[in-house]
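Asks: So you can see what is in the structure, the chains are spelled out below.
4 protein chains.
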Amino acid sequence: MEFSSMYSKFRKKVYIIIYHTNTRAGRLFDLILLGVILLCVLLVMLETVAEFDLKYHSYLITLEWIITVFFTIEYLLRILCINKPIRYIFSFYGIIDLLAILPMYASLFLTGYNILTVIRALRLLRLFKILNNPQFTNHSYKLKKALIASRGKIVVFIYFVLISTIIIGSIMYLVEGKENGFTSIPISIYWTIVTLTTVGYGDISPQTPLGQFIASFVMVLGYGIIAVPTGIVSAEISKFNQNKMTHHQNPCVNCDNTDYPANAKFCPQCGHSFENN
Amino acid sequence: MEFSSMYSKFRKKVYIIIYHTNTRAGRLFDLILLGVILLCVLLVMLETVAEFDLKYHSYLITLEWIITVFFTIEYLLRILCINKPIRYIFSFYGIIDLLAILPMYASLFLTGYNILTVIRALRLLRLFKILNNPQFTNHSYKLKKALIASRGKIVVFIYFVLISTIIIGSIMYLVEGKENGFTSIPISIYWTIVTLTTVGYGDISPQTPLGQFIASFVMVLGYGIIAVPTGIVSAEISKFNQNKMTHHQNPCVNCDNTDYPANAKFCPQCGHSFENN
Amino acid sequence: MEFSSMYSKFRKKVYIIIYHTNTRAGRLFDLILLGVILLCVLLVMLETVAEFDLKYHSYLITLEWIITVFFTIEYLLRILCINKPIRYIFSFYGIIDLLAILPMYASLFLTGYNILTVIRALRLLRLFKILNNPQFTNHSYKLKKALIASRGKIVVFIYFVLISTIIIGSIMYLVEGKENGFTSIPISIYWTIVTLTTVGYGDISPQTPLGQFIASFVMVLGYGIIAVPTGIVSAEISKFNQNKMTHHQNPCVNCDNTDYPANAKFCPQCGHSFENN
Amino acid sequence: MEFSSMYSKFRKKVYIIIYHTNTRAGRLFDLILLGVILLCVLLVMLETVAEFDLKYHSYLITLEWIITVFFTIEYLLRILCINKPIRYIFSFYGIIDLLAILPMYASLFLTGYNILTVIRALRLLRLFKILNNPQFTNHSYKLKKALIASRGKIVVFIYFVLISTIIIGSIMYLVEGKENGFTSIPISIYWTIVTLTTVGYGDISPQTPLGQFIASFVMVLGYGIIAVPTGIVSAEISKFNQNKMTHHQNPCVNCDNTDYPANAKFCPQCGHSFENN
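Chains A, B, C and D, in that order, are what the protein sequence lines are. In terms of full-length UniProt numbering, the first sequence has 205 at position 205, counting the first letter as 1, and numbering is strictly consecutive. In terms of full-length UniProt numbering, the second sequence has 174 at position 174, counting the first letter as 1, and numbering is strictly consecutive. In terms of full-length UniProt numbering, the third sequence has 156 at position 156, counting the first letter as 1, and numbering is strictly consecutive. In terms of full-length UniProt numbering, the fourth sequence has 107 at position 107, counting the first letter as 1, and numbering is strictly consecutive.
No wet-lab data here; the hints were simulated from the structure. As the structure is a prediction and not an experimental result, all values here were calculated from the model. Do not take every clue at face value.
As the list claims (entries may be wrong) - Residues from chain C that face chain A, not an exhaustive set, calculated with beta carbons under 8 Å:
1. Gly-200
2. Gly-202
3. Thr-230
4. Ser-234
Stated by the list, open to error - Far from chain B, by Cβ distances over 12 Å, these chain A residues were calculated:
5. Lys-9
6. Leu-54
7. Cys-81
8. Leu-124
9. Lys-144
For every residue, glycine included, the Cβ atom is placed at its ideal position computed from N, Cα and C.
Sequences and hints are given; from them, build the entire structure.
Replies: Here you go:
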């Protein structure tokens with residue numbers, strides 16, 4: 001009986017540490033987890049740099065195992081202390097947490113799958129949770145709102161761009177042909193996107209005068225239409241800003257006016273004092 | 001007599017299916033047409049990928065013929081059921097619909113013209129009709145309005161850019177010359193557009209110090225003037241948003257006018273006082 | 001005596017044709033001049049395309065001479081009919097008009113200076129005069145106003161960008177060095193501008209890890225600071241739009257209010273009717 | 001006694017010349033310093049251009065020494081005349097001023113460290129002080145304000161971009177692999193930044209169809225999300241402009257408040273009626 005209650009207490013405490021971010025222990029745990037994820041991502045990166053891996057291979061592997069054990073314990077604790085473990089296991093973050101530890105254990109039995117440790121870079125997605133931090137909430141909330149409000153217009157815009165891309169790609173395939181690097185329509189469409197977005201690698205570039213003329217047109221188009229998404233988002237954020245400036249306050253008790261500066265002491269419409277409101 | 005009335009009924013029904021999108025059958029037809037067009041475009045794309053075409057050539061040809069027959073039937077039905085067939089045949093979409101089926105039949109008698117099947121990618125233009133869908137109408141309407149409103153300013157801007165392009169291109173031809181890849185003025189202008197729009201392929205790039213200095217100037221110019229179309233469209237969409245702000249209010253009780261400033265005390269259309277509303 | 005008065009009449013007529021654009025003959029002259037300038041620029045372009053020049057050299061030269069004679073007559077008439085010919089000759093357009101005809105005559109005595117015909121592309125500058133056309137005046141006026149209003153902020157921005165460019169260029173020269181293509185500081189600065197403006201030719205690109213890290217930073221910086229000029233111009237055009245919507249009208253005779261919608265029939269502040277204004 | 005008072009007078013005078021910019025001598029000193037810094041930076045640049053350095057090496061070295069002596073005197077005077085020399089020596093500009101003169105003296109004893117003269121390009125930072133000039137103050141103040149106000153949103157945005165960059169980079173490393181130039185994850189991330197910011201060098205570009213598909217997605221993403229920082233800054237500057245609109249009016253006769261909406265009838269600070277103003 002006593003063990004059971006101790007276990008129950010322990011579970012509760014672990015639950016608070018892992019899932020609650022507004023306690024001191026919880027915040028500390030979050031910071032440590034953040035650090036370990038960043039370290040882990042750094043390790044994965046460095047392992048892929050051949051010269052670095054050659055020199056420090058054994059150190060890297062040791063650190064990898066330490067992190068894997070840490071992640072394994074964290075994963076098990078998360079399952080243990082939560083009330084609906086099945087739900088967590090099959091949730092988005094549950095699957096990512098599992099994927100982050102599996103490749104290392106798999107490498108014990110199988111060789112050549114070491115490369116899969118790259119998957120743990122997905123753990124970076126956890127870092128998006130930081131945006132729930134009160135310091136950022138306001139800003140990320142406003143950005144999200146502005147982007148959601150402009151979603152409809154942006155979908156229409158992307159739809160238009162995609163169809164244009166296919167049509168221009170097909171035309172360029174006919175104009176330039178296989179001998180100038182436009183080996184197939186998908187490649188032509190790839191080139192069109194590279195050009196329309198003003199990236200311009202230069203691995204494929206038009207060689208015929210007509211092709212260069214069409215390419216110039218595509219560039220000016222791409223240069224011009226970037227104005228559209230920018231204009232949409234600008235206007236949306238601007239609208240949002242304006243609303244905040246003037247609305248969302250208590251109305252004047254005298255004339256129900258809700259449009260006054262944030263620091264107003266008297267209603268600008270009827271002159272009623274706000275102080276004894 | 002009976003056949004004639006049956007035919008007349010059939011024509012009416014087909015007309016509704018093909019041209020009316022707000023009936024159930026019409027919407028189903030639109031969806032199927034959409035799917036077939038996308039499939040057709042995918043086929044055209046895959047045929048141009050050499051390795052894929054080698055493996056699955058016969059499958060692709062069979063599918064092509066099925067789609068061509070489908071498009072032919074659709075084309076004939078469109079002519080049959082419409083009241084002014086001549087007008088449809090010579091309309092923009094009528095010509096595209098014909099162009100989409102001709103190359104395949106031509107390939108029976110002529111070889112080497114197979115490549116023209118690419119033309120049917122133009123059928124993608126039909127996909128723009130989706131934007132008439134009520135879900136998108138509002139957004140595409142607003143975007144269209146904003147772009148039309150900023151048309152005048154954008155024409156002036158493009159005119160200015162084009163002339164600058166020709167002048168800068170001519171200067172760069174003199175400065176860099178044939179030995180550095182600026183083989184002619186049209187090529188120089190092509191380079192200027194590539195640079196001004198910040199695409200930057202790198203297939204042609206200035207080699208002389210003076211050329212690089214002018215190029216730097218062109219880049220900063222291009223980087224700077226992108227602000228102009230963006231500013232124009234932003235301001236236009238913003239204005240549109242603000243206008244919307246002042247609409248959608250309670251109409252004036254006297255004249256049903258809904259367009260007045262947020263702080264109006266009298267209706268600007270009929271002079272009715274809003275105070276004792 | 002009679003010749004003198006005829007000459008004076010002729011001068012007056014020519015003056016009206018050449019300098020006045022709001023008469024019928026003046027507009028016709030402007031259109032012809034526009035056409036000849038465009039033809040002349042096209043000729044200059046085509047001459048530089050080697051394969052084209054080889055085939056049609058004699059035709060091109062003949063056309064060149066016809067245009068040169070036309071430009072010469074126009075130049076002489078401009079001097080003859082204006083009241084202050086010295087002022088015109090040393091004006092900006094006067095010098096360009098002279099430069100446009102000189103190279104062709106010079107080619108009679110000197111060889112190898114043919115290339116200078118490129119200079120006549122400068123005559124394109126005359127095309128900017130079209131923007132004084134009433135159709136465009138309103139738009140180009142507004143754009144000019146917005147750009148002039150944002151001039152101060154843009155100068156500060158460019159000043160900041162230029163100094164950053166020199167500092168980053170110097171650092172990259174130290175980091176990458178001559179062996180990676182950063183042969184001197186001016187070249188490094190050229191690379192910095194190519195990168196900061198997101199042009200990215202790829203003729204020079206960092207090879208060392210540290211260089212690539214700094215380059216990434218420069219790219220994100222360049223990607224980010226494009227927001228600044230865009231924001232400046234957007235805000236300026238937006239302000240301008242708002243003003244136009246509401247100001248610049250006669251004030252209400254009753255309450256001197258100048259802020260009402262363009263189509264208002266009654267003052268929104270005092271309800272006074274505008275119809276019997 | 002007399003020498004001491006003379007020295008004290010001299011110190012005061014030098015202090016005013018060096019640190020005060022609003023006296024005539026101070027402004028002259030600033031202009032000379034500006035010129036010398038620009039000359040110095042030009043010299044450093046030219047020295048790194050091999051062909052130029054070969055021809056004029058001795059002239060460059062002489063000029064270098066003159067400037068170094070000038071900078072040394074300026075540095076010593078700055079220490080002498082200021083009241084808290086220690087504070088200046090360890091201040092940001094103090095360290096830069098020292099770094100600007102040290103390499104030249106070091107080159108007397110050591111060879112091969114000549115390259116460090118590049119460090120004096122850092123003296124360019126002093127040029128930012130010009131922005132304190134009253135002509136620019138207003139503009140740079142507004143830009144600074146707008147950027148500071150949008151700081152929070154931009155941090156969230158950059159955080160989001162950086163994490164996306166790492167995830168996309170890892171995926172591209174897996175997809176493309178070492179044989180296509182994506183030799184390690186850091187290199188992959190470098191490529192992702194090059195692509196996302198639409199710089200597009202083309203030194204590394206995807207070769208596999210899947211890689212090109214993901215690259216297309218990254219480009220469209222990069223092309224789209226540039227709207228976000230632009231929108232943020234636009235909206236912020238726009239807000240700023242609007243606020244300005246409501247300032248700069250006649251102050252309230254009762255409380256001298258200048259911040260009230262354009263259509264206010266009562267002062268929002270003291271409730272004084274504007275009607276009988």
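Asks: Find the hints from earlier in the document that the structure breaks and name them by number, from lowest to highest.
Replies: none
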